[in-house]
Amino acid sequence: MKLKRTALWLAATAFLLLAVVLIAQPTVAQSGPNLFTNPGFEEGHHHQDGIAEITVPDGWHMYWVDAVTFPGAYNDLVAHRPETVVWDATGGVPVGEEVFWRDGIFTLKIFKSWAPMYAAISQDVSGLEVGRHYLVVAPVYTDIYDWDGGKIPPTDSSHGQVRLGASPVGAGWRDEAAIAYSGWFASTYAGYGIFSYEFTATQSDMTVWIEVKGTYPHSNNGFFIDTVGLYALDSVSAVTNPGGGSTAPVVPAGPTSTPLPPPTPRPDGAIYHTVQGDDTLWVIAVQYASVMNMTPEEALPRIQELNNNP
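Using our numbering, read the sequence shown as starting at -5 and increasing by one per residue.
Simulated from the structure, these hints should not be mistaken for laboratory data. In this text, a Cβ means the ideal position worked out from N, Cα and C, and glycines have one as well. Any given hint could be a false lead.
Label-pair restraints from in silico Cβ distances [unchecked claim]:
| no. | residue 1 | residue 2 | range |
| --- | --- | --- | --- |
| 1 | Ser198 | Ala171 | 17 to 23 Å |
| 2 | Val124 | Glu47 | 36 to 42 Å |
| 3 | Gly86 | Ile146 | 20 to 26 Å |
| 4 | Ser120 | Val230 | 14 to 20 Å |
Could you put together the complete structure from these sequences and hints?
Below you can see the structure in the form of structure tokens.
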């Protein structure tokens, strides 16, 4: 749903939004479910290809660069295979590291020390509507640091980067002729960045990609990912020659997305959001979910309810 020129008022308490006033009533948005399987990694995990150091959530596949460099790596240093862990909070969480979990008891950790690191997870999704726009949402916590009595993150935000993409099933990882990518987002440190990307489905079965890379050989190049989402939007575009093979490119829907900045309350605790022409209720829900202490799926109906179900 495209929201017209309007204003969204968000008055927040410590646990939810008290009031949302949406001036002008737009048409109803499509507000379907999260289309990913196992989006919060609560539904099982396994060792991929029998590798003990590579634990992957069920329904997902892991990729990495090993023993070669990659574009953007510091001084063309060679990258090495990371380790991945689906971390179970019931086993104990060190003080201060509770922030790595957004929901439930599991979070995905990807990390490597003293070397550049480039990795990705992907999932094949079926039942998409050709021509329909879809929104990928990936919360990523960049845990890159050197240790000096505590974690010291880099001053350069490009040392940790995130990229999202979509392709026909069968496309090879990093095949930029087949995968429609968002472009690289600079990471945020000491908190989850919420990254989003909108694409148009060209086939009913597609692969969605979430990539992370640490470009510098810090003592820890780490990323946490939790509660990812894939949502159908109500906008539709014509797709010519959608094709059936892995070489048929996906159509990006409009300009490359940018990470959504965290909302900043005013002194009275209220948050004022001016709805832009390309905003959707899903994008707004993603942006304000953390303020509401909810997941985006929970925030969307709450915002709709407070706006008389637009």
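Each hint, compared with the structure:
1. Ser198 with Ala171: 17 to 23 Å: This hint holds: roughly 21 Å between Cβ atoms.
2. Val124 with Glu47: 36 to 42 Å: 39 Å, holds
3. Gly86 with Ile146: 20 to 26 Å: 25 Å, holds
4. Ser120 with Val230: 14 to 20 Å: Holds, since serine 120 and valine 230 (Cβ atoms, about 19 Å apart) stay within the stated range.
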